Every structure is written in structure tokens, then in C-alpha cells.
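Below, each chain spelled out in residue letters.
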Amino acid sequence: MKTTTVLAVSLAAVIAVAVPVLAAQQALFPLRQSAKPPVPEAVAAADVFTREQIGHALVPPTPEAGRTVAAPAAAPKDDGQWLMPAKNYAATRYTTLAEITPANAKNLHEVFSFSLGVNKGQEAAPLVVGSTMYIVSAFPNHVYALDLTKEGAPLKWSYNPKPLPAAAGVACCDVVNRGAAYADGKIVFNTLDGATIALAADSGKEVWRTQLGDINKGESVTMAPLIAGGKVLVGNSGGEFGVHGWLAALDLGSGKLAWKAYHTGPDDIALIGDQFHPFYASDRGKDLGVKTWPSDAWRTGGGTMWGWIAYDPSTQTIFYGTANPGPWNQQQRPGDNKWTAGMFARDVHTGQAKWFYQFSPHDEHDYDAINEQLLLDMPFDGKMREVVLRPERNGYVYVLDRKTGQVLSADPFGPVNSSRGVDLKTGRLIVNPAKETRLGQVVHDICPTASGAKDWNPSSFSPRTGLVYIPHENLCMDWMNLEVNYISGTPYVGAEVKMKPGPGGHRGELTAWDPVRRKPAWTIREDLPVWSGTVATGGDLVFYGTMDGWFKAIDARNGNLVWKQKLPSGIIGQPISYRGPDGHQYVAVLSGVGGWSGAVVSGPLDPRDGTSALGFVNTMTDLPTRTTAGGTLHVFALPH
Amino acid sequence: MSSLFRIEGIAALALALVVAGCDKAADESDRFAPSGPGAPAQRAVALVPAGGELDTTPNPRAEPYYGSAEAVTNGMLIYNQMNCVGCHFNGGGGIGPPLMDDQWIYGGRLDQIYNTIYFGRPNGMPAWGGKLNDEQIWQVAAYVRSMSLPETLARNGTGTPSQHPAPVPRAADENDGWHMPKGTGG
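Going down the list, the protein sequences come from chains X and P.
Numbered according to this note's numbering, the first sequence spans residues 3 to 642.
Numbered according to this note's numbering, the second sequence spans residues 166 to 351.
Okay, chain X solo, but in the shape it has when bound:
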């Protein structure tokens, strides 16, 4: 193993020297396609902390106190449909359907497929409402309705929202869309140029269209809306463009703005008032969204919201996180930079904040806090506790009290050396000074990388196993701060980043995390970052996809691979499983590589520049030799 690595490195060095000379001799125009820079060497295992070193909990595990389940009010009885990307408000992405099992999964076959007509990163989850499937493509955000009652699922209707072409110029990380949501006869989705659109689910006719984002300010929208309490919840993207982050609530019936909460700035626009009771002292005080920034820097400070929202109907509360502060160069914004890189609990009707917890105060490494949160009831300290579980970009699985925002435990699930754990008395992340970023100086081997131990791609939870299936990355990075000017509508980053594989050299993992025992039950290593979601089933299977196009079924209990199928392009979408009109269980996923991790292919970008796509290209130089761009829906079932 060691010999192979050394050989590969020396060979790579020879190629690196040889290519420019060869190119100069043979052609004046060296081709991008013939450039194959090597994947960088992995960070050493000794350079990151172990779970034992930095994982903490208030009390030792008490698994005997009960079985972990989804918050009951947030996860009603499964009806076989798939009405929102996360399946339910608890965001478990779990179906009780059990026709497909580890024993018969080998017989799975594709029953139909459908081209989305767009070869960009496809991150969306298909929806199934009654006997119709709905899909949103990457920009330009076509919506398709497929009739599942007929052979081959023919197109029922399609809708083209005609977003502004210039929107692509303010999308940091490919022109993705994470899906639609269904409620009250409407399919609601967002366009890259910042419109939220409701369509009549039966006809595809536009019911309302509300423009929320402004691309001229660098705003775009990539998230899937959540519909809860009669509101459509939508946030902006653009944390790399110095935008002012917000979450907005639209009335589901009319599309009119009900409330809008900004994530930096004074309390009145952050919707922070009498109901706000954060658990930790560092989050208490007036106008912290102004005072924790240099003068006026909060106006261009990011704190966007482009990920996931969970909802607890029993308390009418939404839970969601805020993205990174801007610019990436932390030296231009001393302070805690509230309310970025943290989690809010808010009243769904008024938007008023109930609590806030900051995962990464004064974030230095682009650790957006927009990942999925699962609402679980689990045994803790000898009794059942209502919690929010968050596999966070900074590398820890957090378990927070759902009512108060108190951190009950925080344990690393990927490579971490940028911090040394969470101080459970103050709630504060303990920053490792050795990995703090500096102007004009490269800080090497920071783990996790900017895209995190995991990025947006969501986990699932099976109540049958009590495990959370976390699709994630094993990546680290080199980082140098650069001075950057704010120019409206252009990137506001101020950092040069180069990513690299984490310890072990594999770039991705699927971790089955036991939230009660605070450790993995098992882990699957993947050569490429895992950028797809996971779905768990009542048949004890977990489905996920790889960036080179393998769609896989795993035994949920032991992690054994029971089936795989090669798809035409890499997979970064969210798999789902539903009951078809014929009563049988189906599994659906989009192929179509791209996103931040796959931009080198969907761009396409030049792998000779390791800094491109905010440094992700540095560790994805081999992807163009392993897959091509695409955009296709695939649906699988057992023979019947």
C-alpha cells in the first residue's frame, strides 16, 4: 500500500513537470481535456483529533431509557407519498415501505427513466403526490409532472419558469436546485434568479409568482422551500457575494410576504424580540447582529439560508441554520458575526426567534450551518428527551434540546483539527489557534475542508435501527486569506483554498451514526466525496449514490452492499422511495453530476487550476476521467 502511494506520487511529479514542456512542443493550445493533474496527497491521521479527544456530552449514554423515534407530531403515519424533500417535518427521509429488502434487492431493475434536458448538477428530490411524480431540474429550473399510472410514466405537463440567464453568474457552486414541496394542491419551488412559484399540481398552471431575490445584489435561490403552518419558507443564497442573508415566509394561498427575518443586523429586522430566550449568555444582548461586526460590515455579512428547515407542529416552531459570514477572509470582520453559522428556532406564524445557538462563532473556514436537522425523541440522561440532531459542517454531530437550544452532546463524525471540541458550559466551539486563517500566509491541512465534514446533502434516520445515515466527505484544505473589496454583484470571498483528501485518502464516507451511544455503528468508505442524500426504508435498506454514478443499496443494520447499478452520470441528488399506484414500492433518484464538488465536470472547469471552484477542483482532478455531465431521473422496482 505504502509502496503504491510513493510510486503514484513520484509518477505524478514526473507528469506534472512533463506536461507543460510537452504541451509547449506539440501545440500552442494545450487542451484542457488532456490535462490530468494528480489528486493531492492525503492529510496524515495524526494531524486530526480522535472522537475520544474532542467529543463531549453532558452525561454518559443511557440507551436503556428508551428507543429513539422521530418526533411524533412531525412524522405522521406513512401514506406512501413523498410530499417534501425530507419526507416529513422531522426530516427523517424514512419510508415504512418494506417490499424491497436486503434479501431481494439484487433483483432491483430500472422501470423507467426520464431526461431532464439539463446537464448540470441535479440535487433535487423527486416528489410523489397521489399518482404523479414531480421533478425540478437544475437551472433553468424546468418542472416536470409524470403520470405514474401509465406505462413508462409519460409527461403530464411541464413548466418553464424562464429565469434570467444572468442568474448563473451569481451562483457560487453550480446552478443547482434542491427540489419542490407540495401542499394544498400546489407544487411550490424556487428559481435560481430568486422567484418562488406555486403551480397547480394538476395542470401545471401558475397560481402565483413572488420575486424575493435580486441577482444584481448577488442573491440567488437554490433551496427547496418548506411548507409549514400555511407558510412557504424560502431563504437566499449568495454568501460568497456579500449578500444580506434572510429567511422569508410567504402565504401559501396568495404568495404574499408574511414575514422576513434577516440573519445579521438590528433585532427588529432579525425578528428578535420578547420571545427570544437563547440558552447561552453569549447570545443574549441587544442588537448583537450589529455589535458583533465591524461598523456596517453586517450589511454585506452573508448569513444566508440555502439548506433545510424542520418543523415541530406541536409547538409551531421551525428549526433551521444560517450560512457562513462574509467575506471568507475572517480578518476583515472581527467579532462573533451573529447571527451567522448558527441555528434558529422561530415561531412559524410570526417569524419571531425563540432561541439561537452558534455552531461556529466568527467562522474562519466557510462552515455554513445550513445542513439538515432531524427532530428526534431519544433517550438521554435516563429519560426520553426531545432533541434536534444536526450533523454540522464543522465536523460534529450536535444533539440540542429542542425547547431550549442547549447542547447535550457534540461529537466529531469526520476529520477535525480546526477546533478541539465544544465547551458544554458556555456552548462555545473551542477554536484551534494553529488552524486559524491568516492574510497572505497559507495555513496547511485544515480539517474539515470549507465544504465541511458534510455539506447540504441530507441524512436519513431509521426508527428500526435507531441510526442516522450520514452521507459525507473526508476532506481537508490549505487556506490563505487575501484582501477583498466589496463590489456589488461580484464575489466577496478573499481566500485562496486548495482542498485535499482527509486521513486514509478516501474522499467520502457514509456513516451510520448512533446518536445515543455517540459513535458510528459502521462506516463505508468511498473514494469520491459522497454528495448525494440518503433514504432509509422499512425493509432495512439505505440508498445513496456516488459521484461516479453508482446507485447503491446498503443493509441498514450492518452496512453490507446488497445491490448497485451504474447510472449515466454521477449522483448528487436525493433518493426517495414511494408506493406506486400499483401498490408496489419504488425507489427514485436523479443522476447528473455537478454541485460544488462536481463543478469540474458540469462547468466544465480546468483541473490544472487547483484554486478553481473555491478550491474544490484541487481534490477532484480525476472526476472528468470518471463521469460526464448529465441529468436523468431513474426509477427502480422489483420484478412484479
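Treat the hints loosely; a few may be bogus.
[What the hints assert, rightly or not] Footprint (simulated), chain P over chain X, 3 or more residues, beta carbon under 8 Å:
| # | region |
| --- | --- |
| 1 | 163-171 |
| 2 | 400-413 |
| 3 | 487-499 |
| 4 | 616-628 |
Think of the hints as simulated: they come from the structure by calculation, not from any bench.
Note that this is a predicted model, so its numbers are computed, not measured.
Beta carbons are placed, not taken as given, at the ideal position from N, Cα and C, and that holds for glycine.
Chain X is fixed; fit chain P onto it per the hints.
Structure of chain P alone, referenced to chain X:
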């Protein structure tokens, strides 16, 4: 005779109208054309697909920026200060397309790159005309043109290319910027 005369008269009138129309069109477009050193030298006389063969000589106003080390060095500074690097990085691309490769969406000749920067492009490229002066735009264009030069690629190690840009030789644009020189292979 009179009828012939009349026909000639109509033809002459039609010709006059055509000429007037052309003049009007020229006036219109001149209002939006780059001023000063960036003004186009001449218009395309035949319609061709964008990026296809153009029977035009390059804009002579590009001349001072060929072979100039100062142009590419200053261009690099402006490129970084104006956040071009935020979208195109050091030539590999990201939000915007790569600049260090052999593919030119809107033409790879110095004056074509100038036009792309000056006017912007509909898929997200901002228009810098009026925000940068003409010389600055030519310098950024020269730096962008330099990124894919074999000399520049050879001067820079792996990882962060385009840090030591080579001046753009006049010869680089002899084949309209993006075509392979005759007799060479790819």
C-alpha cells in the same frame, strides 16, 4: 424612356434609403460602442455565426498590448482587485468559465476579450465598460489572453497557475485567437 427613368429614380431612392438606414444603424451602435482606444476598427461585413470565421483584421487599438509585460502584470492586479478572480479563479473557472484553456465562447482574440469585458455577456458576465477605463480593460484582456499561452503555463507550477503571465505575442492572435495554427496537432 420616361418609364425607365422613373424606375431608375425609384432604385436610386431605395438605395438612398438603404444608405440612410445603414448610417442610422451605425450612429445608434456608435453610441454604445467603446470610446477612445477601444473603439472597433471596422465592422464585420458578412454575417457569420458568432465564433465562426470572421473576415476582419484585429482591432489595431489592441497593438500596444501585444508583447507587453507591463500590460499582463497590471492586468493581473486589476483582475484580482476587481474580483474577476472570484468567478474565474486563476484561470480554471468556477462561477464563470475557465480562461486558461483552449475554448473561447465569445472569441479569444485580444480585441474580442476586450469586448466581452467591456460589454459583459448575458450568462452572468458583468459589463465593465465605464467602470474600468479603456487601458485597464485592455490590460485585463491581455492578462486573460496570457493565461492559456504555453509560455505562461510553462512559467507556473501546478496548483495556482497564471501567477507569472507571459506577454501576449502578436502571433497568438493570428488565427483569430482560438484556432489552432495550421499544421499543428492538438
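Okay, the hints, checked on the actual structure:
Note: the region 163-171 of chain X has 5 residues with beta-carbon separation from chain P under 8 Å; the three-residue rule is met and the coverage holds. With a threshold of 8 Å between beta carbons, the proposed coverage of the region 400-413 of chain X by chain P is violated, since 0 of its residues qualify and at least three are required. Requiring three or more residues with a Cβ within less than 8 Å of a Cβ of chain P, the coverage given for the region 487-499 of chain X holds, as 8 such residues are present. Note: the region 616-628 of chain X has 3 residues with beta-carbon separation from chain P under 8 Å; the three-residue rule is met and the coverage holds.
Checked against the numbered hints above, the structure violates only hint 2.
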